[in-house]
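**Student:** Using the sequences and the accompanying hints, generate a full structural model.
Each chain, written out:
Protein chains: 2
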Amino acid sequence: MLSNHLHNGLETARLVWSRLPNSEDGDFDAVGISGKSDGGRTESLDYEVIENFAYREEQANRGRLFVMYQVAVKWFFALLIGIGTGLAAVFINISVENFAGWKFSLTFAIIQKSYLAGFVVYILFNLLLVLSSVYIVTQFAPAAAGSGIPEIKGYLNGVDIHGILFFRTLIGKIFGSIGSVGGGLALGKEGPLVHTGACIASLLGQGGTTKYHLSSRWLQVFRTDRDRRDLVTCGCAAGVAAAFRAPVGGVLFALEEVTSWWRSQLMWRVFFTSAIVAVVVRTAMGWCKSGNCGHFGSGGFIIWDISGGQEDYSFQELLPMAVIGIIGGLLGALFNQLTLYLTSWRRNYLHKKGNRVKIIEACAISILTSTISFGLPLLRTCTPCPEVDPASGIECPRSPGMYGNYVKFYCSKDQEYNDLATIFFNTQDDAIRNLFSAKTLHEFSAQSLLTFLVMFYTLAVVTFGSAVPAGQFVPGIMIGSTYGRLVGMFVVNFYQKLNIEEGTYALLGAASFLGGSMRMTVSLCVIMVEITNNLKLLPLIMLVLLISKAVGDAFNEGLYEEQARLRGIPLLESKPKYEMRKMTAKEACGNRKVIDHTRGGGTLVIGLMLRRHSFSEFVKPVSSRGLSIEDIHLSSDDLEMYIDLAPFLNPSPYVVPEDMSLTKVYNLFRQLGLRHIFVVPHASRIIGLITRKDLLIEELSISGFNRKTQRRDKRTTRSAAAEDPLLDGLLHDNNSSSRSS
Amino acid sequence: MLSNHLHNGLETARLVWSRLPNSEDGDFDAVGISGKSDGGRTESLDYEVIENFAYREEQANRGRLFVMYQVAVKWFFALLIGIGTGLAAVFINISVENFAGWKFSLTFAIIQKSYLAGFVVYILFNLLLVLSSVYIVTQFAPAAAGSGIPEIKGYLNGVDIHGILFFRTLIGKIFGSIGSVGGGLALGKEGPLVHTGACIASLLGQGGTTKYHLSSRWLQVFRTDRDRRDLVTCGCAAGVAAAFRAPVGGVLFALEEVTSWWRSQLMWRVFFTSAIVAVVVRTAMGWCKSGNCGHFGSGGFIIWDISGGQEDYSFQELLPMAVIGIIGGLLGALFNQLTLYLTSWRRNYLHKKGNRVKIIEACAISILTSTISFGLPLLRTCTPCPEVDPASGIECPRSPGMYGNYVKFYCSKDQEYNDLATIFFNTQDDAIRNLFSAKTLHEFSAQSLLTFLVMFYTLAVVTFGSAVPAGQFVPGIMIGSTYGRLVGMFVVNFYQKLNIEEGTYALLGAASFLGGSMRMTVSLCVIMVEITNNLKLLPLIMLVLLISKAVGDAFNEGLYEEQARLRGIPLLESKPKYEMRKMTAKEACGNRKVIDHTRGGGTLVIGLMLRRHSFSEFVKPVSSRGLSIEDIHLSSDDLEMYIDLAPFLNPSPYVVPEDMSLTKVYNLFRQLGLRHIFVVPHASRIIGLITRKDLLIEELSISGFNRKTQRRDKRTTRSAAAEDPLLDGLLHDNNSSSRSS
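Protein sequence lines, in the order shown, are assigned to chains X and H. Quick note on my numbering: the first sequence kicks off at 169 and runs consecutively. Quick note on my numbering: the second sequence kicks off at 169 and runs consecutively.
A few of these clues could be false.
Heads up, the list lumps identical chains together, so a pair's fine if it works in one copy or across two of them.
[What the hints assert, rightly or not] The calculated lysine to any residue pairs, modelled on SDA-like cross-linking and capped at a C-alpha distance of 25 Å, are:
hint : residue 1 : residue 2
1    : Lys607    : Asp473
2    : Lys520    : Asn266
3    : Lys520    : Glu729
4    : Lys242    : Arg232
5    : Lys581    : Ser613
6    : Lys607    : Trp243
7    : Lys457    : Asp480
8    : Lys520    : Phe308
9    : Lys520    : Leu299
10   : Lys607    : Leu274
For the record, the hints were derived by calculation from the structure and aren't laboratory data. Nothing here was measured: the structure is a model prediction, and the numbers come from that model.
**Tutor:** Below, the structure is given as structure tokens:
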């Protein structure tokens, strides 16, 4: 019934105002506000509007039972999101590790005979993988490029970017990131996994993808945008939980970084999803341990376990740690600024020239990366192996193709290793493991670390923004742990103490760079602890993060905020601008005319409805293309028709008085996740006042015990509520206040 | 100037309405709403009201520089709160451990000769400590009784309980909890530490305590209630961080459990406080390790380190773990219900009879607890020591007064130990350590565990609500780990696997009971991980928590919510009641008349101001007694005077239209932490509409680079904002819409 209305009416909603039969003064105008699409971006429906519709409809049609069904479906979907994202993460991990494993063992086998042949094979292998990735992305899923986190943040803030949650984006993201990460580029798979989780969640919420006829009416219980956003929040958490095997970190990431609000109901469901992911990933890894997954399977559930590292620290060490924090803040802010330059240049010049340029660019970066990571270690002279305690399990030099430190690469003597190759000519995971490793003092020379830092930083900046799925977490950890280990080396030399581990400083460096670039706090802290399994370093990680974030904030915004701003996504920062304090709501709403047609000199605001471009009962098809507005053809008769838009009208949108401080309006937007608010004149009369007590309705179905207790305990419990009984309010209308002249 | 007004005017504010010179129609009434005190509870000032005042005043007087000073002071206070709470926690810990250490070594020394003499000494020692505690609380600081968390939750929700943040409450809490915990009662020191942190924070925010002339005008920069609440949130986090040495858990506890909103600015500061606490506690513990703190000092930073426990688990184990979750939910819900009964009985009958009854009650509980914990192990026959690997460091039987398992108590033979005494005749910390311990299979018999479970559960229920500072965390962990270990024993016997550890099940049991009673999720999870240092069990802890919370929620509310309800504190739950969906704002506001005096038939709402009972520029003296309303004597001339209340008026309170769904109103209250909201008629005209883009004001001071980028990148970045320029809105007024008739 509704969809009939909509098929006929959505276009006309632009032209024809609804006549509402129950309006007092005869002929009023509904308010239509244009959600005009600009730059490929369409505005999403307002939360509250749809929420309100859905509630009304539910109440009318189905009532409490349907709500219970809906809750059950929500939890079932949270389960499915957990399983789906967990499996996607396992698939990506297995694929990447296997490609990388084949690549390195093949190259190692060939360089035993000829370094040149090995070099060529290495470059071609990488090029092929990167080419597959960039081809998938450019030809098939353009929205899969980049990390996707700024776009998801935008979506959860209420701004849709075209195609960001399509099924093809999901596919492009999964296979694209296998290619780009397996191809050895200076990027990670963590950001893309967050996007993958969000896509899975969104597709589930939609009941499948309409394009491939996979959708099911059975599961389309989510009428409200808010439910969809909640699902996507779950998906984000699942992505982080799967990427870092950090379930609590995932929950906090989703709530701190991605959404701007915090509801304990939602947290509860997000928590469940993360737990499911953890169980799925753990089970899969247990299965892989028996050798079912090729090169994958040697690692534990903790990605970079440094539980054997430094346990204690002296007060003097706080100074170098603070230095790490400052370096992290500076390098992180610089990274954000450089990538902002480069991305804006790419968007305005390079990527306008079409897909061929994007492909050539990615291939060029791949060749550059391969050349540097293979070539630079060749220039480095090898170091004699240190005396290694055989009980520690560390081998020097290690045999090729194995995980571990002390790789032998282009060394003339037997008992030598190439320290630069140990981190450069390696998968990023293993390089980080080596940098974090304890009991390997003086493994790296300062010269090698510095070379690596400069080259990798440059590569990470250049790679950022190319047309492949790309995360910034792992590159950030690489960069940070390199300078962290550098500082650690100086500390070891300077303080001459035995219990200082360079690996611990590498970990702090990683935390500081991520803090300086992404500006996260609690979630990053928890993620760092979960991926390294060393709780004892927690206070230090917290302090380093505090310093690096403070330093970074002095220069610019966080990486995701900068990128979102560049893409024109209107994210609201957590802190309102200082100038807002002096402004009123009236000043902010500008000179737009809201009510276009006034008739008979009198208008009354009936409510808020948004001009939409889509059908299907106002649920926006974010994941599938749906019907375009251009596809609907209306005859001139159609355009003459009136439709009653009352069912789609939000009769009680949020309002603020005209002279309210803009700071307060800002907080209202952020805390409630609003997209629109009406500015109204100072209220001419007051109907009443609601206090907290009015909202403490005792359910009639409350347990018998409670009622008894309360009756006995009347003085303390019920006295407050008894003063202003709710039922009285329901029975009597308050007409004592008069209307303004 | 303002305080002058207030001294004269506050009482009269009840009687005299302000004449506002700038009102349009001549003679209007300001709206005064009574925050009537009932049951010893006074309502606090509304957030937004005071916030608004403070902003205006700042802008007028001092501007940007003052705001910077304020921010600096906020961070400085966060530092002080961290140091203060950390030191308080260290002091309490050292005192408790030393009292307990003396007690047990003395008793052990005496029972070598006579068990009866030992028994008497043990009872007297405990009685003395409990007596000191209950005496301090009843005579000196009545608000220090109980855990304090429900009251702090209430305060942060906007409801003040008399005396909850006084200086004497702080003192009473610290010394009272030393007595009650040291005296061996079935309660913990964690809840009181949260309250301690909150008190420290509140006193700092007030600039000291006025009563003891310790206040300083220099630090009284916090005009706004919101700043005070933020400080108290920091204090709560610091309390948890100090109690469990769990900094991240503290942050999450403060944000999930205590406050109902989530602002990233606040989180950042809370995070800093927690980090400071961690550093302070760690430093103090390092200092104690060299033997400066008597019996305290043998433990590490992690309270119950079980990093050596079970690492892997099989699928079959998920079933017993789910059983643990269900038991936790059931026992937790039962605990909440029983304590609710008992507390309500105490409040209505027992404690009405005065302080003497409270003292006698606490002493009786102390004697009962001592008798049971000493007497029951006497009835238990000893078990022969198992063969212990000497390398594991476990001793059987351990020498008296030492920490560890296998205590020898009333055993006839040399190589025997008493398993019931190992957990009962011990400090709670050590008992938990023994229950969590790995590599001690079959240490406890099922009979002993069951006896302990029943007795301790009963004692915990009985002790709850007596007039001593009491936390429920540690008793909860005791109860949970006991049945967890019981289930673990059956699993070990049933599955006959070698890698199953009973201690791991004990940990899961503890998590399940806390989840079933307190209903926390993420914060509890993180706290459990931080106190046991075993990240690998995280997915299991999450699943157990999910089950136990779900089971518990089926029966009743969480412990703190139940207790808050009993005390008449109107906390808003996270989820609005189902009935609210069908209700409108108008229905909820009841039949109170808001505007009492109408003159000339016309009224106009000027704003919101609250009737207050305190002076000092509307900052409520929560921590000191301040001036009572009865102390102000006004002559009849005074009562004839008019004062201008305009400076204290919030001219733009939040408003909702009369037909808004109550669900939406509820969310507004919770998310913004409101206490009052006006219900107004449907807006007669609309001045404008604010969208997210209107709130994205570019600062003029933005970096040169950004502006350049944006100019170049106009199409993508600025186009959106350019459509509705804010400056236009500032220059032109929108008068196109007409007023309603």
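**Student:** Hints broken by the structure, by number, lowest first?
**Tutor:** Hints 2, 6 and 10 not satisfied by this model.
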